[in-house]
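Novice: The lines below spell out each chain.
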Amino acid sequence: MNQTFDFTVVDGIIDGLGRKPSAIIAILQGIQEHYRYLPREVFPYLAGELGISEARIYSSATFYENFSLEPKGKFVIKVCDGTACHVRKSIPILERLRKDLGLSDKKATTEDLSFTVETVSCLGACGLAPVITVNDKVYPAMTPDKATELLKALKEEL
Amino acid sequence: MLKTRDDLINVRSVYGKSLGLQTKKILVCAGTGCVSSGALEIFDRLTEILKEKKVICSVTLEKEPHGTSVGMKKSGCHGFCEMGPLIRIEPQGWLYTRIQLADCEEIVERTIIAGEHMERLAYQKDGKVYKKQDDIPFYKKQTRTVLDHCGQIDATSINEYFAIGGYAALEKALFEMSPDDIVDEISESNLRGRGGGGFPTGRKWSQVKRQKEAKKYVVCNGDEGDPGAFMDRSIMEGDPHRMLEGMMIAGLACGASEGYIYVRAEYPMAVSRLKAAIEQATQYGLLGDNILGTGFSFRLHINRGAGAFVCGEGSALTASIEGKRGMPRVKPPRTVEQGLFDKPTVLNNVETYANVPLIITNGAAWYKQVGPENSPGTKAFALTGNIENTGLIEVPMGTALKEIIFDVGGGMRDGRKFKAVQIGGPSGGCLTKEHMDLPLDFDSLKKAGAMIGSGGLVVMDENTCMVEVARFFMNFTQNESCGKCVPCREGTKRMLAILERIVEGKGEEGDIDLLLELADTISSTALCGLGKSAAFPVVSTIKYFRDEYEAHIFEKRCPTGNCQKLKVIEIEAALCKGCSKCSRVCPVNAITGKVKEPFIIDQAKCIKCGACITACPFQAIMEK
Ligand SMILES: Cc1cc2nc3c(=O)[nH]c(=O)nc-3n(C[C@H](O)[C@H](O)[C@H](O)COP(=O)(O)O)c2cc1C
Ligand code: SF4
Ligand code: SF4
Ligand code: SF4
Ligand code: FES
Ligand code: FES
Chain V
1 MNQTFDFTVV DGIIDGLGRK PSAIIAILQG IQEHYRYLPR EVFPYLAGEL GISEARIYSS
61 ATFYENFSLE PKGKFVIKVC DGTACHVRKS IPILERLRKD LGLSDKKATT EDLSFTVETV
121 SCLGACGLAP VITVNDKVYP AMTPDKATEL LKALKEEL
Chain B
1001 MLKTRDDLIN VRSVYGKSLG LQTKKILVCA GTGCVSSGAL EIFDRLTEIL KEKKVICSVT
1061 LEKEPHGTSV GMKKSGCHGF CEMGPLIRIE PQGWLYTRIQ LADCEEIVER TIIAGEHMER
1121 LAYQKDGKVY KKQDDIPFYK KQTRTVLDHC GQIDATSINE YFAIGGYAAL EKALFEMSPD
1181 DIVDEISESN LRGRGGGGFP TGRKWSQVKR QKEAKKYVVC NGDEGDPGAF MDRSIMEGDP
1241 HRMLEGMMIA GLACGASEGY IYVRAEYPMA VSRLKAAIEQ ATQYGLLGDN ILGTGFSFRL
1301 HINRGAGAFV CGEGSALTAS IEGKRGMPRV KPPRTVEQGL FDKPTVLNNV ETYANVPLII
1361 TNGAAWYKQV GPENSPGTKA FALTGNIENT GLIEVPMGTA LKEIIFDVGG GMRDGRKFKA
1421 VQIGGPSGGC LTKEHMDLPL DFDSLKKAGA MIGSGGLVVM DENTCMVEVA RFFMNFTQNE
1481 SCGKCVPCRE GTKRMLAILE RIVEGKGEEG DIDLLLELAD TISSTALCGL GKSAAFPVVS
1541 TIKYFRDEYE AHIFEKRCPT GNCQKLKVIE IEAALCKGCS KCSRVCPVNA ITGKVKEPFI
1601 IDQAKCIKCG ACITACPFQA IMEK
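Chains V and B, in that order, give the protein sequences.
Going by our numbering, the first residue of the first sequence is number 1, and it counts up by one from there.
Going by our numbering, the first residue of the second sequence is number 1001, and it counts up by one from there.
Extracted from the complex, chain B is given alone in its bound form (with noise of 0.2 Å):
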């Protein structure tokens, strides 16, 4: 239990020269990814055959070790997931590959006891061998700060987190400062809310500072709704100290003696993490009462989501957190004002939380040389789609969109070429070739028509139908509306129900003024910002991709070949040699003939399910 600041000082000095004593160490990635594919049992075989040969290591951080030893650790996620299971291996900083059980005691023979370098494990690119995780292109381009101890420390240990420095910025808080330098440090910083918004956090909190109500609350918003983005999730599994500690400061600044996180429910290792981080905070006395005899006091608690996508939305988490339907409700009054329990209430994202120890540490001054004046500081991303490097990546904010496809992303995925990327997930919009040398930060975007929303970047090549994935998104939005208001409820419908007869091949001449219309009336009279955002997807690939929508409703064609009902499977006459094998096989019997004469597929009836092409022996169906 610490007692006092000397007690906090002298605990991350203990566990620093301990750390310090471990010459070598073994990280093994155990973000969600890599224990899917095994990296809890890479870890325990590891640990065993160290054991075996009599090296001596240590599974946890040791308050008075006796010597040197190997450092056996569970990290968080390093955000290349599809190499995964990673581990790293330090002090050379390499990082190995795919690893597989079999590995474990060469591993542990080569370069652990014999320090060597195992080829075979590295990550290979275009005949290259990568020894060092910081010089593979991926990496190198990236700048960590927010994530940077994804990967390198143990993210299960509080001790770890005290060794390299980790509760120093709210001690300063606590020490040094009063809760309107806090306040005034985050201002000046210029921080901007990483859940999507881009709402100015400083001033946030000093809306929430200056209400006279006794009781307030902070909250976390870790909901990570957009499908294909877990930035949030990495933080909360891989550094959940760091986002506790920005959660305590915010409660210190702002008067809030309580707080709440809360988690999707599809983040069973998250949640798992926080409870573990919260126990051990508890435990020292970092959560409690008269925190460090300073008579600060803070609690924290878990809820879990239920699966319902719109509780990312302010008002509906706190309604969700309070054990009611998780639904908007109509503002003012603010959440600054009347939040959690009617009470003020912070609400910030997972990410934001994550920034504020580096800036109360730092100082404004230093969080400001990276990125724009207005959006300083960096992104995480989570990049994913047609490209050759998927993951997590994390780059100053203003990068422009061709540095990360090209250089972190190393380029299409099969030589394919670039169309364009959604970004923002579900809310957000598509950017073109035309947008290659856009900043990527919440104002520029904004001009571009579109939003950072959470960070999902979805990348697209040339085979991608455009027109499908504004189907696909607008049935994401239509299946996650909460149906309080009418514009929002019936609007997606039909917006959906349009989308689909175009994909089908029944679009109508008027159909796409009739998207537009509808966009513009459900983005003017819903009630919240799923509902105000639902449209932007098909606004913006009608935008930049309007012929795609054209060839579908006019010609019936997709230029892309993708829309499935679009397709047409025709017998080639010449080919065919009346077999009536597929006749048999079409499940509507769309295929009729004489046998030993040339088959036909009646059109109107064909539903494209390709079983005729397999079944047919002499290659003679194809699909056009």
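So here's chain V without its partners, still in its complex pose (with noise of 0.2 Å):
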């Protein structure tokens, strides 16, 4: 394990919402805002925390499609593929967003760990379908034009 690992920021989140077992999937949320992801070493602490056994907070933390365990980039871009944007033609950005960044289906987040490209099914403003999302601010009426723009507004930013 990772000796240098600071459990400080945990223990603010487990503070803030309950040290109780049913709190988990809450408390892992908190700590994936905070990392980007799930680092291995919370899983014992949370289990000595909880009183609960390290393979059940592994089981909630792989059952949900949000969580992960492995370093997301600092973009989290997210396509939605809900029906509306489907049939307003949501494939072509992800094709774009991917060919653009050297990523695929298998290959989420770049070597970097500046982008990670993932699809999602509805965001809820499917009134302004193709949608995607940039750490959860909305992008509406996408083409995959505006998608390479966006991209490039974004690198400036790193």
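Incorrect hints may appear among the rest.
[Said to hold, decoys possible] Ranges of calculated distance between the beta carbons of each label pair, as one might list FRET restraints: (1) B:Phe1618 to V:Ser114: 33 to 43 Å; (2) B:Lys1506 to V:Gly12: 49 to 59 Å; (3) V:Lys89 to B:Gly1038: 22 to 32 Å; (4) B:Arg1098 to V:Gly16: 51 to 61 Å; (5) V:Gly16 to B:Glu1517: 49 to 59 Å; (6) V:Ala153 to B:Phe1618: 54 to 64 Å.
What the hints contain is simulated information worked out from the structure, not anything from laboratory work.
Glycine is no exception: its CB is placed at the ideal position from the N, C-alpha and C atoms.
Two chains, two frames, a set of hints: combine them into the complex.
Specialist: Structure follows, in structure tokens:
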């Protein structure tokens, strides 16, 4: 285990949500929001703090799609492929983003941890389909070309 | 802090008066759609300009305003997101669409100060300018009762909710009704669950009320998993207090003192609006202990989902709140007996709770005036797809399909022909031309082999490939199957594989029968609703569009030309100059030929990527 891992952040999250087993999902969400993934070091620690088995925490963490055990990019781009976006051609946008960043359905995050590209089914902004989000900010009425432009702008911010 | 009934009545009248002093109002839509196209910046800019021009304006509803002012408000979603950012101007009821920052100055000068209408910002259709929001055809045919606050009041302010009579239903329930009266009123109203199943809400409440346990829970299902639907989101964001009020009344009726709201992870704004609303209600003492001195106590918590569609199912949802994997369990025991933390639990959908205050305030008889006897009230639908007006609508239950598509929806986009509408998302079915007169309510749809589901309506025109639609939904369901039971886990995989083969032109004789057989097995043996209804889109598309399946399978042809892999890319020999450009761009070396002679494509190798089409300087390559 990484000896230098600092658990004060995790402690703060647990204190805010309650030191009880039922809070585990909210706690994992808090940790993921901070680190952008779930570092392995936190599992034994949480097991000790909440008095549940590490296996149980793993089983929750792996069940839900939003949890990631691998580090994600600084910008997490989600392409909506819900019904409304799908019929308004969301897939070409996904393909363009992947092509521009050298990613694929098997490789979601760039080597330098700048970008992660994934799909999501419906962000609830269907009236503006097709929609993508970058770190939860919604970008409406996208096209492949707009996606390329957006990547350019985001790269400036890296 | 409100301690008595009089305090509540008083606060309503104080803020009611204050709102009355705002003779002019600018309601900026602050729903997710409009916010993503810049509504909050517009709100700030308008406020800034009003101040610069010395127009007295108030961003919050003051308790004791000094005089009249222009009220600046962040409203909920108007449902017309495509035309956003939207603003509504009161008292005229004008709607301005597609507002930009550069428009703000003119809006303040001409409309707010001089009272002129700005035609260029109004909604226009077929040469006609629509000044008032209510005159626009999209709104005219709607009956907005559950969504009536969305777009009309500030969604972030409890005081504004008080000002228009908020928490009057809770007051009535607390002081004038016994728990039995409440349950009776809801039963009498015939309110049916809006989460998909249409289960009578009153019956559910009385079952929970009957349980002897001391601890009971009220849970709100805000998981809204159907991809392409956003009714619940609009309520949570645009009128959070109405939903909270409904939950409090449920708690009072059933003897629960604690409630949970489960919101899907993709809805961060709904979470923050609900959190703020709960805080406001707690500060006023409408949540907490001994509410208004009645001895009734109620607390609310919010849980965020983590990206699993199956968590919309009741027992999976409660498992998820408990911090476990969100997997459905075998029933009985049912949620009303042993739900959250194994205690009796009322689980209802967001829209269901939002109906409750209306029924309590106005009575069951009033409520039943709209819609058919067995499914009264209204229903919100998300209208999407190849239709002129996409958006969120609310119509009486039992409205005919054609009225929704042609009157509210404005007909098909680009003058194309209507083909089908998929209702109820991945667990629903499709309706076709022959269903144009079908009333949309729980029972009529069930008879027609479809279901209301969550209320997603995806309209498809003649260019939509129905086999591809079925594949799309099966792909979704297969991805979301939790894997607990074999028929669903393996069956959906097999069905998806067959559908994928068919759209790739590798379908075989017998595939249709095999699909129907698998559908039958999964539907009758799966544990939860996800599996039970997984095959519905396939079965209903086969029922109405069998010929399309057959064309794919036997003729290796997609009648709508949508299926990429069934396209044929060919070089027209007469046009080809033999320049070899195409063969150099082909990623799979499918094109060969001698320079200056016509080239040919090896169809067995071609992956239909289309690269050669764009590369040919002589437009000699076509897609057929
Ligand atoms: C796979 C699956 C997903 C569901 N998703 C939702 C949902 O997102 N929202 C919802 O309110 N109900 C959903 N339901 C229905 C719920 O199980 C439940 O019937 C409903 O929340 C009860 O509330 P109601 O009686 O007010 O409709 C789903 C059911 C299944 C089987
Ligand atoms: S039917 Fe599917 S989703 Fe439901 S419990 Fe079984 S495997 Fe899970
Ligand atoms: S469509 Fe693509 S794969 Fe087919 S011949 Fe042209 S370049 Fe080659
Ligand atoms: S690019 Fe066009 S003209 Fe040139 S060889 Fe190919 S088909 Fe013929
Ligand atoms: S389908 Fe993409 S936002 Fe709803
Ligand atoms: S978000 Fe503004 S109209 Fe829907």
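Novice: Confirm or reject each hint.
Specialist: The hints, checked one at a time:
{"no.": "1", "hint": "B:Phe1618 to V:Ser114: 33 to 43 Å", "result": "holds (42 Å)"}
{"no.": "2", "hint": "B:Lys1506 to V:Gly12: 49 to 59 Å", "result": "holds (55 Å)"}
{"no.": "3", "hint": "V:Lys89 to B:Gly1038: 22 to 32 Å", "result": "holds (23 Å)"}
{"no.": "4", "hint": "B:Arg1098 to V:Gly16: 51 to 61 Å", "result": "violated (41 Å)"}
{"no.": "5", "hint": "V:Gly16 to B:Glu1517: 49 to 59 Å", "result": "holds (52 Å)"}
{"no.": "6", "hint": "V:Ala153 to B:Phe1618: 54 to 64 Å", "result": "violated (38 Å)"}
Consistency with the previously given hints fails for numbers 4 and 6, ordered from lowest to highest.
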